[in-house]
Amino acid sequence: MSSPALRGGGLPRTVLRLHRSALLAWAVFVAGASGWLVWLAEVTGKDPNTRDLPCVGDCDTLHLLMGYPTQLSWAGDLIGYGFVAVAGFAGGSLIGRELEYGTAQLAWTQGITPVRWLTAKLALPALAVTAGGTILVLVFRWVSASPPDPSLQFDWTWDTAFMARGPLLVAYALCALAVGVLTGLLLRRALAALGAAAGAMWLLNAVLTSYRFRLWPAVTRTGPHAFDIPDNVALVNEGGDGDSRFATYQPPSHYWPLHLTETAIVLTVAALAVLLSFRLLKHRTEPSA
Amino acid sequence: MTDTAIAASALGKRFGRRGGWALRDCTFRLPAGRVCAVVGPNGAGKSTLLALAAGLLGATEGELTVLGTTPAGARARIGYVAQDKPLYPQLTVAETLRMGADLNPGHWDAAAAERITAAGDLDPKSRVRALSGGQRTRVALALALGKRPELLLLDEPMADLDPLARHELMGVLMVQAAQHGTTIAMSSHVVAELEDSCDHLLLIGGGRVRLAGEIDDLLTAHARVAVPADTDLAPHTVVESRTTGRQLSALVRPAGPLPDDWHAATPSLEELVLAHLRNPEAPVLTPAEEAVA
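From first to last, the protein sequence lines stand for chains V and F. Residue 72 in full-length UniProt numbering sits at position 72 of the first sequence, and the numbers go up by one each step. Residue 148 in full-length UniProt numbering sits at position 148 of the second sequence, and the numbers go up by one each step.
These are calculated hints, taken from the structure and not from any lab test. Please read all numbers here as calculations on a predicted model, not as lab measurements. Even for Gly, the Cβ is constructed at its ideal location relative to N, Cα and C. Among the clues, some could well be false.
Selected chain V positions facing chain F (Cβ under 7 angstroms, derived; list incomplete) [as the list claims (entries may be wrong)]:
(1) Gly10
(2) Arg13
(3) Thr14
(4) Thr103
(5) Leu106
(6) Thr109
(7) Ala128
(8) Trp156
(9) Thr157
(10) Ala161
(11) Pro287
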């Protein structure tokens, strides 16, 4: 007979056993991307041959690819859009495949209620996603805080830099998990859910990216010199002519309000997806009273 | 403890708000300790009924009581094997059984589960994806029996087994029923497959219960008769009748003693089932239900 402490551990252990390859892949991804970023900061960024773009315009492709700025934008995009893979995993492998092949029902006819099953399926990946995402954010912040050259300071409006320097990156990954779970439950097909979840998250990100700098009151300049806005700002809108010109923009000091507002929106979407997932599961498996 | 394993009253299940009814108006009672055959043509609603009893689907209307409580409340006491024997392909046989132990804390009989897989010469280290259909059935049954269920729900359990394995696994089930008093409900569209091992029948056709009761009671409640074509069969209930020349053969439910010259004989289970399936308008008979009422 198992001890009470072990009794609660069976379900998490089973979920880990089922998804150990996904967990391993995630660990390799986090370690690999972190390692790449650290390498860029410590080696590529300190080597005079690769620290900057070797040329402008007519360039030797190989040198361009080897350079710090090019590689950094790739590494940044890799971690910035990792959430699309999380959505695909959650929709396809975590939920969709289980419902398509009936293995979810196998779990539900052991001693596990569907609600506990879904809770474990959400909570354990959420832990892994939060831990891995936090590591990536910390590494990215460290790299972005020490550019090899002041001229290579990040543009804070660059999508990846905007996302990856705070909790927004983790929020997107958690939202991808929740949306993936919901699509898996809705479609009950692995491949369809994989595609739909990844597509839905890509769309959500595209919409939020295009409205990103409207989520917080912007600074407005008016008058004949309105278009002479400072460097390093995100222009929201400009117009008019002559003396009635205006320009609205977000200065770098608005980074955190903007970042946290978007984080809140993404987490709200995640919470809604979780709520709907549980309601859908209960509706399917409990009598309609 | 309750002496009723499954009791349904006016049970109905519809898929989707505008979908058709997979089951409608089902009322029956399965006493505990019986081995019950759930019989009916493909698409009759057998799988839906078993999934409802296993707590995998919620009923749209009516009541379903399993082991004295709701299907969800009885989850830990029910074993269920779905028609396509779903198992995790990436796990090994041993890992699958370990999952059974993990998901059934406190009531897992590892020895019983391992006995069933060992009897099939299954290597504990082989992956489920590499198993044959029959071997998968064996692992699925081991998983269902390892939790020592009071009620075992099996959806077409023997469909992909060769005759030898079928005979052997049926033996395992019968031993389980005899030793532990486990109630077994198993579906099939092949009546002959269940005739020898089952003592209770639930016949489902078109989403409704057509017949329910002890097989012996059901058989003795019917008679196959052969009479001249112009004979009036009233007041007996006619399930099916067929005229060949001047001869009328019929399956009837006698309302009283039959005349000697009607050549009455007890029908076989298969004749009884087929006659009811061919004639959906024949009145429903559920002796167990009437006995309770």
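Hint check results:
1. Gly10: holds (3 angstroms)
2. Arg13: Arginine 13(V) check passes; min Cβ-Cβ to chain F is 5 angstroms, inside 7 angstroms.
3. Thr14: holds (5 angstroms)
4. Thr103: It holds, given that the least Cβ distance between threonine 103(V) and chain F is near 5 angstroms, below 7 angstroms.
5. Leu106: holds (5 angstroms)
6. Thr109: Since chain F brings a Cβ to about 4 angstroms from threonine 109(V), closer than 7 angstroms, the hint holds.
7. Ala128: Status violated, d = 18 angstroms.
8. Trp156: Since chain F brings no Cβ nearer than about 44 angstroms to tryptophan 156(V), farther than 7 angstroms, the hint is violated.
9. Thr157: violated (44 angstroms)
10. Ala161: Violated - the Cβ of alanine 161(V) stays beyond 7 angstroms from chain F, reaching only about 38 angstroms at its closest.
11. Pro287: Hint on proline 287(V): holds, closest Cβ of chain F at ~4 angstroms, below 7 angstroms.
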